[in-house]
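Residue numbers (our numbering), protein chains in the order written: chain A, 1278 to 1628; chain B, 1278 to 1628.
Keep in mind the hints are simulated off the structure, nothing from the lab. Be careful, since some hints might not be right.
Treat identical chains as interchangeable: a pair holds within one or across any two.
Listed next, the in silico SDA-like pairs over lysine to any residue satisfying Cα-Cα at most 25 Å (straight line) [to be verified]:
(1) Lys1589 x Val1406
(2) Lys1589 x Pro1298
(3) Lys1514 x Arg1299
(4) Lys1514 x Leu1627
(5) Lys1514 x Pro1580
(6) Lys1545 x Leu1327
(7) Lys1582 x Glu1416
(8) Lys1514 x Pro1377
(9) Lys1452 x Gly1400
(10) Lys1474 x Glu1442
(11) Lys1590 x Pro1338
(12) Lys1590 x Asp1413
(13) Lys1452 x Glu1555
(14) Lys1514 x Val1286
(15) Lys1514 x Arg1287
(16) Lys1590 x Val1286
(17) Lys1452 x Glu1378
(18) Lys1582 x Arg1543
(19) Lys1514 x Gly1400
(20) Lys1474 x Glu1378
(21) Lys1514 x His1281
(22) Lys1452 x Pro1407
(23) Lys1514 x Ala1288
(24) Lys1582 x Ile1279
None of the values given here were measured: they were computed from a predicted structure.
One-letter residues, chain by chain:
2 protein chains.
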Amino acid sequence: MIEHLRPAVRAMSGYVPGEQPRDGAFVKLNTNENPYPPSPRVFDALRDALTADRLRRYPDPTGVHFRQMAGRVLGVDPDGVLIGNGSDDILTIVTRAFVPEGGLIVSPTPSYLLYRTLADLQGARFQTVPFAADWDLPEAWPLEQAHLTFVANPNSPSGTTVGRERLQRLAAELKGPLVVDEAYADFADDNALELTKPNGRSPGVIVSRTFSKYYSLAGVRFGFAVADPAVVRELLKVKDSYNCDVLSLTAATAALEDQDYYRSLRVKILATRGRMTEALARLGFVIPPSQANFVWCRRDDRPVKPLYEELKKRCILVRYMNYEGSGDGLRITVGTDAEADRLLEELVGLV
Amino acid sequence: MIEHLRPAVRAMSGYVPGEQPRDGAFVKLNTNENPYPPSPRVFDALRDALTADRLRRYPDPTGVHFRQMAGRVLGVDPDGVLIGNGSDDILTIVTRAFVPEGGLIVSPTPSYLLYRTLADLQGARFQTVPFAADWDLPEAWPLEQAHLTFVANPNSPSGTTVGRERLQRLAAELKGPLVVDEAYADFADDNALELTKPNGRSPGVIVSRTFSKYYSLAGVRFGFAVADPAVVRELLKVKDSYNCDVLSLTAATAALEDQDYYRSLRVKILATRGRMTEALARLGFVIPPSQANFVWCRRDDRPVKPLYEELKKRCILVRYMNYEGSGDGLRITVGTDAEADRLLEELVGLV
C-alpha cells in the first residue's frame, strides 16, 4: 500500500520532535517545558472532573467555558477564540484552511522546524526569509504573496522578538494571513493580541498560543488561536469537532484563571534566565537576548555538537539544532536554579 | 481574510456533530455514548497520573505503553498500532496520507457523515455506493479506483454489519486502502482485525477503533488504528507528534486492560438492545438487525422528524438523520434499562 501514499508524504522524512526520555534521571532542558508544577487549582479542577459522566460523554466541541475565561483574562472576544489540541493543532487547522496543494508557506529562518513539515503535509511549497543580523525581520519582505506566513514571536531557537509595529506592517503587506506563533509570548514583554482586537485590528493576524510552556501543561495538549471572529467561524469547519478533551479544557480553564500563580513562576524563570545567560556568556557562548524560557547558545571557537553529546552522556538533555545557512547551536531550556547550576557545572569542564 | 480561504473550505457548511447539551436533565440517546461508567481502574490510573511531572512534560509521542497493551489484549503487533486523538483523528490522518487534492474517497451510503467532510477538507471528490437491500455491500463494487474507501462496520446509522470475507474480497479489488471503521465493533460478533495480521493479511486494510463508545471514554478523546507496520510507519509522519495527551493514554491503557469489566457492560447493553428493538418494533418502527449500541428506527406510516422534536421537548435526545436517496430515521442509542423505559413510555403516546 506504500505505493499509494501521496508522493509528498512518501518523500517526507517526518518531523522529529525533541527527545522525550521516559527515564526520570535526565535533567531535561530540551523541549522548553516549565520546570515548575501547574497551578494547584489545575489539580483541584482535574480531580473534580474525574466523574463517570464527564469521562463517558463527549466534550463541548467549541469549549465555551474556556473561551469565556480567555475572553475575560485576555480581554478578547470569546467568539474570536479557537480551541486546539496543542498549538500544533492550531497551526495545522490554519494551514488546511488557507493553503492549497502547491500553495506557498513562508517563515523567517532559522525558526520552528514544524512549519516546513506542515507545508510538506499539505503538498505546499515552503520558502524562508533570513532574519536580519539583529534578529529583526528584514526591512523589505520579499514574499508577500504567500498563502500563509508564520512568524514565531518570540522566535525559536533564538528567543528573540520582533516588535508589534513591525508585525502590523508585515500583516498589511501580506496577501494571506500572518500567523504570529506566540508559544512563548507569556515570557516576553509584549505580544500581538492587540492586533486581533476591533480597535486597530489587522484583519489578517492570527495569534496562536499554547499551554505547554508558560502554563506547565505540555502533558495535556492544549492551545488556542485568537483572530477575527469571522475567521474563527471558518476555522471551526476545519477543526475536528472534538479536538479537545474534557480534561484538557478543564485544566486550561483553571490555569488561565490563576494568573497570580503563573506570574510568580515567571519571575523565577526570568531571574534564572538572566543568571544562566550571564554565566553561559562568561563560558564563551554567544547568546541573543531571549524573551522566552530558553536561550540559544552558539560558539565561534568550537563546534557545539560534541557538547550536546557530552551533556547527554552526563544525563543533561539540551536541544542541538543545525540550520542550513545559519549554522548550529544548543537551545537550552531555562529550568530551575538547581538544574541551571547542574548544567553550568558540567559545561565548565567541557569548554 | 475570508476571501483567501481555500475555496473547498469556504464552500463547506461544516460537519455538524450530534448535540451535546450541557443540561444534565436530558436523557441523551443521540451520540452513542456508553451509559455506564468507565472501569474503576481508569479512575485509579487517572488519579495516579495527576502529578506535576506528568502534566508539565510532553507525553510519549507514539504511546509505547498503550501499544504494548493493545498488542497483548488484541493479539496484534504493537508496531502496527497508531494512536489517535479519537478515531476521527485516525480517519483524518489516513485521508491526508493517501488522498491528493482532487482525489476520490468512496463509502457505502447511508453511512457516517464525516467521510464527506474529510473529502471536502482535503479538496477531494466524494462518491457513495448504495448498500444492497439487506444492508450488505453490492455484489459488484463499482469504484475500485478510489484513493481511499471507508466502510463503517458495524455501520452507522443502520447498526448492521458486512461479513469479514466480503471485506477481504473488497480490499483485494480496491486500488487504494480500505479503512474498516470499527467504532462499534466491540458490540458486534466479529471484526476485521484478523485481516491486518501477517497470516492472511490483506495489506490494504486499516482498522480504526475508538474508546468513545464501548470503553465509556468519549470525554478523553482516544482512538487507534491497526494496520501493516509498514503503513503505520508512514502514517506516523502525518500525525501530529503529540496528538494524544498523557491522561487519555493513561485512561485508554487502563481501560483496555480491564476486559472483564467491559464484557459485563456489553452483556447489559446487548440485553437492553434486544428489549428496545422488540418494543420499538411493536410500536411500528422498522429496525434492521443492530450489532452496535444503537438502533436505526424508521417508519413506513409517518414522518419521524416530528417524533424527534416531540421527544426533545420531553428532554429525550435522539439523533434525527435524513439521507438523500434513502430517507430519514431516528438513530437511538442503547442506554440503561431505565433510559430505554423512559423513551418507550414517551413514544407510546406519540405513535
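Structure-based check of each hint:
Taking the shortest alpha-carbon separations for lysine 1589 and valine 1406, neither the intra-copy value of 32 Å nor the inter-copy value of 56 Å comes in at or below 25 Å. In the homo-oligomer, the alpha carbons of lysine 1589 and proline 1298 lie at most 25 Å apart inside one protomer (11 Å), although the nearest pairing across protomers, at 50 Å, exceeds that limit. Within a single copy, lysine 1514 and arginine 1299 get their C-alpha atoms only as close as 37 Å, which misses the 25 Å cut-off; across copies the closest is 22 Å, which meets it. Proximity of lysine 1514 and leucine 1627 under a CA criterion of 25 Å is satisfied in neither setting, with 52 Å inside one chain copy and 36 Å between copies.
Proximity of lysine 1514 and proline 1580 under a CA criterion of 25 Å is satisfied in neither setting, with 47 Å inside one chain copy and 30 Å between copies. For the identical chains of this complex, lysine 1545 and leucine 1327 are inter-copy neighbours only, at 24 Å across copies versus 32 Å inside a copy, given an alpha-carbon limit of 25 Å. For a Cα distance limit of 25 Å, the shortest separation of lysine 1582 from glutamate 1416 qualifies neither inside one copy, at 33 Å, nor across copies, at 61 Å. Taking the closest pair of Cα atoms, lysine 1514 and proline 1377 come within 25 Å of each other both inside a single copy (16 Å) and across two copies (19 Å).
Taking the closest pair of Cα atoms, lysine 1452 and glycine 1400 come within 25 Å of each other both inside a single copy (20 Å) and across two copies (22 Å). Only within a single protomer do lysine 1474 and glutamate 1442 lie at most 25 Å apart by alpha-carbon distance; the minimum there is 15 Å, versus 58 Å between protomers. Taking the closest pair of Cα atoms, lysine 1590 and proline 1338 come within 25 Å of each other only across two copies (23 Å); inside a single copy the shortest separation is 45 Å, beyond that limit. Taking CA atoms no more than 25 Å apart as the test, lysine 1590 paired with aspartate 1413 passes in neither setting, with 36 Å inside one copy and 60 Å between copies.
For the homomeric pair lysine 1452 and glutamate 1555, neither the shortest alpha-carbon distance inside one copy (42 Å) nor that between copies (61 Å) is at most 25 Å. In this assembly of identical chains, the alpha carbons of lysine 1514 and valine 1286 lie at most 25 Å apart whether taken from the same copy (24 Å) or from different copies (7 Å). Taking the shortest alpha-carbon separations for lysine 1514 and arginine 1287, only the inter-copy value of 9 Å comes in at or below 25 Å, while the best intra-copy value is 27 Å. In the homo-oligomer, the alpha carbons of lysine 1590 and valine 1286 never lie at most 25 Å apart, since the shortest distance is 34 Å inside one protomer and 49 Å across protomers.
In this assembly of identical chains, lysine 1452 and glutamate 1378 lie within 25 Å of each other by CA distance both inside one copy and across copies; the values are 17 Å within and 23 Å between. Taking the shortest Cα distances, lysine 1582 and arginine 1543 never come within 25 Å of each other, neither inside one copy (30 Å) nor across copies (55 Å). In this homomeric assembly, lysine 1514 and glycine 1400 come within 25 Å of each other (Cα to Cα) both inside a single copy, at 20 Å, and across copies, at 13 Å. For the homomeric pair lysine 1474 and glutamate 1378, neither the shortest alpha-carbon distance inside one copy (31 Å) nor that between copies (34 Å) is at most 25 Å.
Taking identical chains as interchangeable, the C-alpha atoms of lysine 1514 and histidine 1281 lie at most 25 Å apart only when they sit on different chains, with a minimum of 15 Å there against 27 Å within one chain. For the identical chains of this complex, lysine 1452 and proline 1407 are intra-copy neighbours only, at 20 Å inside a copy versus 44 Å across copies, given an alpha-carbon limit of 25 Å. Taking the shortest alpha-carbon separations for lysine 1514 and alanine 1288, only the inter-copy value of 10 Å comes in at or below 25 Å, while the best intra-copy value is 29 Å. In the homo-oligomer, the alpha carbons of lysine 1582 and isoleucine 1279 never lie at most 25 Å apart, since the shortest distance is 35 Å inside one protomer and 45 Å across protomers.
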